[in-house]
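*Asks:* So the sequences go chain by chain: E and X. Add 1 to a position in the first sequence, counting from 1, and you land on the number used in the numbering used here. Add 1 to a position in the second sequence, counting from 1, and you land on the number used in the numbering used here.
Honestly, the hints are just simulated from the structure, not real lab data. Take the hints with a grain of salt, since some may be wrong.
[Said to hold, decoys possible] With a cut-off of at most 30 Å between alpha-carbon atoms, the simulated DSS-like pairs for lysine-lysine come out as follows:
1) E:Lys-241 / X:Lys-122
2) E:Lys-314 / X:Lys-105
3) E:Lys-314 / X:Lys-58
4) X:Lys-104 / E:Lys-217
5) E:Lys-222 / X:Lys-104
6) X:Lys-124 / E:Lys-241
7) X:Lys-142 / X:Lys-27
8) E:Lys-217 / E:Lys-342
9) X:Lys-142 / E:Lys-314
10) X:Lys-33 / X:Lys-122
11) X:Lys-50 / E:Lys-222
12) X:Lys-50 / E:Lys-241
13) E:Lys-222 / X:Lys-105
14) E:Lys-306 / X:Lys-58
15) E:Lys-217 / X:Lys-105
16) E:Lys-247 / X:Lys-27
17) X:Lys-105 / E:Lys-306
18) X:Lys-27 / E:Lys-241
19) X:Lys-50 / E:Lys-390
20) X:Lys-105 / E:Lys-390
21) E:Lys-255 / X:Lys-58
22) X:Lys-104 / E:Lys-247
23) X:Lys-104 / E:Lys-390
24) E:Lys-247 / X:Lys-58
25) X:Lys-58 / E:Lys-251
26) X:Lys-104 / E:Lys-241
27) E:Lys-251 / X:Lys-50
28) X:Lys-148 / X:Lys-124
29) E:Lys-241 / X:Lys-105
30) E:Lys-247 / X:Lys-124
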Amino acid sequence: MRLILFLSLFIFSQKVLSNEVISLSEVSKKVRSENYYVLENAERVYQAKERINFSKKNLLPRLNFWNVIKLPFDWASAIDIVQDIAPFLVPANWFRASQDQYFYLAQNEQYRALVANEVMTAKLLYTNTLRDIEFLNLLETQKNQIAELVRIAEARGVFGETTQENLKFLKIRELEVLEDVRSLSTLVFNEKKALSFMMGIAQEKDIELESVALPKLSSLKAMNYEEFIFRAIDHAPEIKQFAHLKEALKYTRKAVNFSFLGASSFSSSSGGVFSNIPIQDGLGFGRSSSLRITRSEERILEINKNASEEVIKQNLYHLISNFNSYVENSEGQELREKLAKENYELVRSKLILGEPLGILEVLTSIQNVFDASLSLVNYRYEALNTIEKLKRLLLNEDYNDLKEPRE
Amino acid sequence: MKAIILILLSLFLSSCRYAQDLNNVKSLENAKSSLINIQNENLSFENQKILRDYFGKSSVLISNLSNDSRYLNYFHKKFFNYYEDNLCENVFISKELYGSFEKKCIVNGFYICPEVFRDFKEKLVGFYQVLTELEKKNLKKEEACLKLINEWGLDEN
Chain E
2 MRLILFLSLF IFSQKVLSNE VISLSEVSKK VRSENYYVLE NAERVYQAKE RINFSKKNLL
62 PRLNFWNVIK LPFDWASAID IVQDIAPFLV PANWFRASQD QYFYLAQNEQ YRALVANEVM
122 TAKLLYTNTL RDIEFLNLLE TQKNQIAELV RIAEARGVFG ETTQENLKFL KIRELEVLED
182 VRSLSTLVFN EKKALSFMMG IAQEKDIELE SVALPKLSSL KAMNYEEFIF RAIDHAPEIK
242 QFAHLKEALK YTRKAVNFSF LGASSFSSSS GGVFSNIPIQ DGLGFGRSSS LRITRSEERI
302 LEINKNASEE VIKQNLYHLI SNFNSYVENS EGQELREKLA KENYELVRSK LILGEPLGIL
362 EVLTSIQNVF DASLSLVNYR YEALNTIEKL KRLLLNEDYN DLKEPRE
Chain X
2 MKAIILILLS LFLSSCRYAQ DLNNVKSLEN AKSSLINIQN ENLSFENQKI LRDYFGKSSV
62 LISNLSNDSR YLNYFHKKFF NYYEDNLCEN VFISKELYGS FEKKCIVNGF YICPEVFRDF
122 KEKLVGFYQV LTELEKKNLK KEEACLKLIN EWGLDEN
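Put together the whole structure using the sequences plus the hints.
*Replies:* Have a look at this one:
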């Protein structure tokens, strides 16, 4: 018995503590199926769908025991139980049932937007982590280069060719780089944990990220805003939800018009979307005000829709101008790195051959290689991130088939 | 008696809606001619609107037929009333025209066309499948229709 317990504990701990290797293509699948916010929202969409059935079925007669036993004492209260025995006679109940379908469709669009945003955030976190790992590798290279320079400077110092100030300066720089390596390692560790959370992976597990193919900057072509804007707006769930909400609002207006036949006794699934529109229960003088409020609500929806469209346009302009700037700068960046590396090799060989050369000049050369390499890596990852953001905006590839969460 | 009147009234009203919908087939003629006018142009914002107009309208018509059995029955009943000899020529588009737009839909690796455009072939196959044998036979009598059926490979599905 103990052996079985021990073995199962051992297997469990192995399962929990083992490393998991993740590829970029797996991120989307994992976020959709395991992300906590996505799962929560999928349940909300499911509830909205079930609410349609609830409202439809509620149109059928129901039995409220307490209302029924009131009847023998007070026959006038028979009118009160119309909502129980014949809820379908109250037009507002029909409107609520129809309205719930549009709330469900709007909720579905919100779900699509949420999943797309979560998938994009996770994928960007993945690529940013990979970029930071590459930065870490570049820092390690710089650390080794400086360590080599310190050794040479110390040897030269014996012959009086290097001053104590320069030697100390180099050692300070070496310590700074060491500190940067430690900070960046911590950042990568934290990024991996954040990514695990987004993919619903237990925090106890370590994840390893597979590398991705970076776009070759020189092979990219500049983009034109005009070609992309139509799809960005036409296909955006953020815009589509307003069409459904507008349709839903029509039913609130109908409910106001028919409020003299009583207000709906069904609860709304809108989550308070139109709860600010007062509907009087019966014939009264508040109807015209209620109608004016529904019209104002429609204007608010239109304003929000226009604002969302402008935000999408702004994002698209921003992404395309960034992308085009990467394309324009690509040649210069690649040349900069090449020259910096060549310069370092020249300076290094002079140093090894013992030619007169200032230590700080060598240090500047090392720093140039680091800056140029860092900048090029950064450009490549930024281009990759911009492409990913454009895919999200245009709902391409991973972002396109964001179907209903639960059938 | 009241119930019968209510049922008849609702049937009458729904058939009015279907008749209105089927009349929209006519509006596809204009949408198609606009498509032909822009086939050699770039997919600008305005041109993409034209693309969505044609494919959006046809997609709605076909989806309604596939999803609403009463609508489908009404369609079968009225098929020969609405059918005109040059229907295929005026309303439906050739695979070549579709292909000329399809090529422009990928820019820098991104898909930029409306989603209704991408799903068109699937919808067309769905539409052809809901036709009765008699309706299909009638369509094939017209040369333009037969050409389109063969081009799109509708009989193969």
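*Asks:* Run the structure past the numbered hints and jot down the numbers of the failing ones, going up.
*Replies:* Violated hints: 9, 22; rest satisfied.
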